[in-house]
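**Q** Please model the entire structure based on the sequences and the hints provided.
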Amino acid sequence: MKLGPFILRRLLLSIFVLIGLSIVIFILARVVPGDPARLALGPRAPEDVVEQLRKELHMDKSLPEQYWIWLTNALRGDLGKSLVTKRPVIEDIKEYLPATLELVFFTAIFMVFFAILLGTLAARYKDRWVDGVIRIFSYIGVSIPAFVLAVFFILIFGYAWPILPVLGRLGSQFTVARVTGFMILDSMLAGNWTAAWNAFTHLILPAIALALGGTFQEARITRSSMVDNLSKDFIAAERGYGIPERRIMFKYLLKPSLIPTVSVMGMDIAATIGNAFLVEMIFNWPGISRYGINAMLFKDLNAISGVVLIIGLIFALTNIVVDIIVAFLDPRVRLGGIRGQ
Amino acid sequence: MDDKTLLEIKDLHVWYKVYGGYLKVLHGVNFLVRKGERVGLVGEAGCGKTTTMKSILQILPPGDSRIPKGEIIYKGKDILKMSFGELQRLRSKEVAMIFQDPTAALNPVFTIGAQIGDVVRYSIALEEKRVKKEKIKTLSARALKEVYMPDPERILTNYPFQLSGGMRQRVCIAMSISSPRNLLIADEPGTSLDVTIQDQILRLLKEIVEKQGTSIILITHSLGVAREMTDRIYVMYAGTIVETAPAKDLFKNPVHPYTRGLLASVPKISGGGIARGIPGRIPDYLNPPPGCRFQPRCEYATPSCQEKPPQLFEIDKDHFVACYLAQR
Amino acid sequence: MANKNFLAVTVEKPREKGKWHRFWDRVSRYWYHFSRNKLSVVGLAIVVLVIILAIFAPLVTPYPEHAGPFVDYKNAGQPPSAKYWLGTDPIGRDIFSRIIFAFRGALVMSILVLAIAVPVGTVFGLLAGFYHGTIIDTVIMRISDIFLSVPSLVLALAIAAVLKPNLMNSMIAVTVMWWPWYTRLVYGMASSIRNDYFVIAAELSGASKFHIIFREILPNCLSPVFTKMALDVGWVILIGASLSFVGLGEQPPTPALGQMVSDGARYLPQLWWMSVFPALAIIIVILGFNLFGDGIRDMLQSSR
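Protein chains in written order, with this note's numbering: chain A, 4 to 344; chain B, 2 to 329; chain C, 91 to 394.
Just to be clear, a hint being listed does not mean it is correct.
[As the list claims (entries may be wrong)] Cross-link-like lysine-lysine pairs, in silico, BS3-like; alpha carbons within 30 Å at most:
(1) K5(B) with K36(B)
(2) K129(A) with K18(B)
(3) K78(B) with K235(A)
(4) K258(A) with K94(B)
(5) K258(A) with K130(B)
It should be emphasised that the hints constitute simulated quantities derived from the structure, not laboratory data.
On a predicted model such as this, the values are computed, not experimentally measured, just so you know.
**A** Pasting the structure below:
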């Protein structure tokens with residue numbers, strides 16, 4: 004397996020892109036608003052105090068110098084102070100990030116599982132009613148924005164039919180000591196299984212709201228690549244050599260058919276992270292996205308740049324993971340067969 | 002049918018479902034292979050050669066194809082009526098097919114070792130419940146050695162895209178002979194490769210067949226290859242067998258107008274300009290012409306040719322022709 | 091004997107046809123491919139209906155004045171009825187009228203965003219593809235990578251937040267995030283077309299770079315670009331609704347779809363119609379444009 008150089012190449016590319024992103028964020032947070040110091044202190048602050056803050060922000064220096072200072076600080080974990088919480092942004096991120104990661108992780112699991120399940124079913128029963136139902140649902144599923152679905156869930160499960168919790172991460176009757184910040188994991192570590200279950204039930208609705216669109220989109224991709232591969236000669240050949248049908252389905256058909264599905268995963272996870280900004284707000288999920296939205300509404304520039312930067316980092320890492328999975332599934336990517344030919 | 006018969010196809014019809022109806026691709030194919038015999042199947046592209054062969058192994062695209070009529074009798078049993086277990090046995094122990102395009106016939110995301118390994122495993126899994134990994138590996142490597150693959154151990158760890166076209170074709174042949182079979186079906190082996198390699202592949206096949214005494218059906222669109230490689234030749238046109246004869250007879254005394262056309266369209270090295278060829282092309286399978294399917298392209302066609310498809314008619318020992326011309 | 095036809099090689103005589111005749115010929119061929127999937131026709135119907143409603147909003151809505159700073163406490167919080175088809179909000183404004191007016195903002199946004207992002211992205215993609223392997227290629231493609239390195243919605247939210255929140259700025263934010271997709275799409279095609287013989291032939295015969303890029307390469311990239319454009323209208327509406335849901339789009343009292351859903355969510359479950367109907371409107375509009383886009387894709391793919 005020559006995965007090593009492959010991952011290294013991907014990492015270098017990501018680092019380059021993240022540096023580019025930091026420039027964009029710097030421009031956005033420091034240059035576009037005009038006078039961040041005045042913005043931070045409000046219109047009524049006396050001029051000498053504002054001048055003082057400008058000095059602290061190094062705004063008397065040239066822009067490249069400012070960027071350099073900002074970047075080195077950011078690399079040391081100093082993202083400045085949040086206007087709203089009055090705490091260092093990095094502390095806020097540490098507090099809120101695990102909740103979002105937990106949510107996105109479960110969303111991704113849900114998405115992959117149901118996309119493959121529905122896609123395989125639709126391919127297996129091609130042009131039958133199962134296929135038709137999945138197709139109709141996928142048209143609708145792709146067209147429902149996550150936040151609209153979240154509002155519907157609040158209406159249905161919050162009022163009409165309260166079988167699942169709709170707000171927060173954990174029922175108020177539980178207290179779980181924070182160790183990792185991942186609620187389910189923390190509950191398990193504390194040996195509190197009812198709390199873990201409760202935390203899980205809180206995850207279900209936000210995760211479904213986030214996953215639905217991507218699930219159906221990927222189910223359609225899985226279906227069409229499976230149908231495509233089913234008519235390939237290698238499947239006919241494997242049948243002809245007497246390899247059992249089930250082994251063909253789950254080994255020889257599934258692996259090549261998953262490559263397109265996994266390849267678009269990166270985009271779907273991007274959409275999930277983006278939609279989490281709205282969905283967390285609706286479900287009152289104490290994650291980084293809800294924090295980010297608050298920062299945006301209050302023009303909290305340090306917090307905004309911190310959040311965007313951290314999301315860029317997470318997204319880069321997920322893309323690397325997706326690429327590794329693709330490389331694992333497709334030897335042509337892993338061993339450089341596509342580029343060579 | 003005598004006891005030397007290995008495979009007999011009787012009046013086989015195969016239809017493909019497409020938008021707007023069925024493509025009536027096979028229209029009464031009759032075909033016979035004796036034990037140890039080398040049979041050639043010749044015809045232009047799209048005439049149903051591959052479809053006939055795929056229906057022997059029952060590997061036509063599921064859902065899109067149907068067999069409204071016909072029998073495929075292998076060792077006295079109709080394949081079309083076989084249970085799933087019997088079919089599995091047929092596929093893993095009796096008949097193997099070598100596909101036309103080795104690149105398409107190999108799964109791109111599994112190693113050669115995994116693919117040959119599974120073929121080997123299921124060809125012996127019927128007798129032995131647990132097959133040792135070591136045994137599979139040795140048998141796979143031995144199969145590769147038989148097709149003269151250099152360094153078989155390494156090839157087993159390679160992926161198809163890492164091999165050349167000729168090597169892929171060898172791998173496909175190795176898969177088919179990894180355990181002894183009674184019938185090999187070779188679908189235009191090597192056509193997608195260049196001529197010298199095609200020649201090597203054909204020689205290799207000939208050698209294997211002679212060594213193991215296997216029956217073989219060789220599909221080709223080249224009459225020259227068929228003459229060199231086979232004992233008896235079937236000529237196929239638009240889903241029907243139009244003529245069959247021992248290889249020598251067919252070249253000496255071709256009867257069906259289509260066979261004659263085919264022979265005339267082979268370019269000759271000794272000059273004579275461009276070959277004559279046959280005007281027109283294979284008919285539309287959705288609405289095939291009535292009666293004889295060759296009739297619209299045939300220069301001897303009479304009105305009666307449009308009425309009923311002609312049946313195979315023995316004009317000489319082992320020489321059958323499906324043409325009203327021959328019966329007169 | 092219709093079956094005898096395949097014997098003869100049929101050569102169609104180029105008949106003299108009028109300009110209009112040829113035009114209608116093409117239209118009917120396109121329509122055939124588009125309408126083969128009935129769902130595309132449904133999509134087209136929704137799209138046309140939404141556009142007509144949006145254009146003639148002041149004429150077709152029962153209370154056009156409600157799409158603004160209007161107050162009528164007598165009719166506040168009315169459920170759907172014959173008078174107020176989809177009910178009213180807590181200050182007595184007709185939800186139906188406001189939804190129709192909100193279509194205007196959504197459509198204007200998606201049209202303007204694509205009208206800017208598509209040409210910009212396409213030109214960058216063409217340049218990077220034409221100068222494949224040079225510094226121009228590297229610079230353009232790395233910059234577009236940077237914009238694709240964060241989920242579009244996140245950076246669009248951040249940009250909209252830093253600027254003053256209004257419809258104009260949310261359009262700017264979305265446009266900034268949208269062009270790189272077209273750059274990437276066109277780059278892939280342009281860099282391979284660039285080495286095709288007809289391009290090399292044009293180069294050898296002394297055609298200008300401008301001619302080669304815009305007259306030789308561009309026409310061969312257009313079909314996928316149009317396909318993506320048709321599919322993207324729905325996505326832009328979705329992103330726009332997301333921005334306005336958070337409060338970073340069109341500001342009240344002017345109605346916007348996302349903003350209406352989030353306003354209504356505060357009055358759940360009593361005034362459920364306040365959020366449910368705008369939410370359904372969003373779904374229907376996006377569904378319509380998605381189905382329409384699928385139809386356009388089928389049409390452009392099979393008419394070639």
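**Q** Run every hint past the structure and note whether it holds.
**A** Evaluated hints:
Pair hint K5(B) plus K36(B) holds up; C-alpha atoms about 6 Å apart against a cutoff of 30 Å. Distance check on the hinted pair: K129(A) and K18(B) sit about 14 Å apart at the alpha-carbon level, within 30 Å; holds. Between K78(B) and K235(A) the CA atoms are separated by roughly 29 Å; this keeps the pair inside 30 Å, and the hint holds. For the given pair, K258(A) sits about 27 Å from K94(B) by alpha-carbon distance, which is consistent with the 30 Å threshold.
Note on K258(A) and K130(B): the hinted pairing holds, with a Cα-Cα distance of about 26 Å set against a maximum of 30 Å.
The structure meets every hint from the earlier list without exception.
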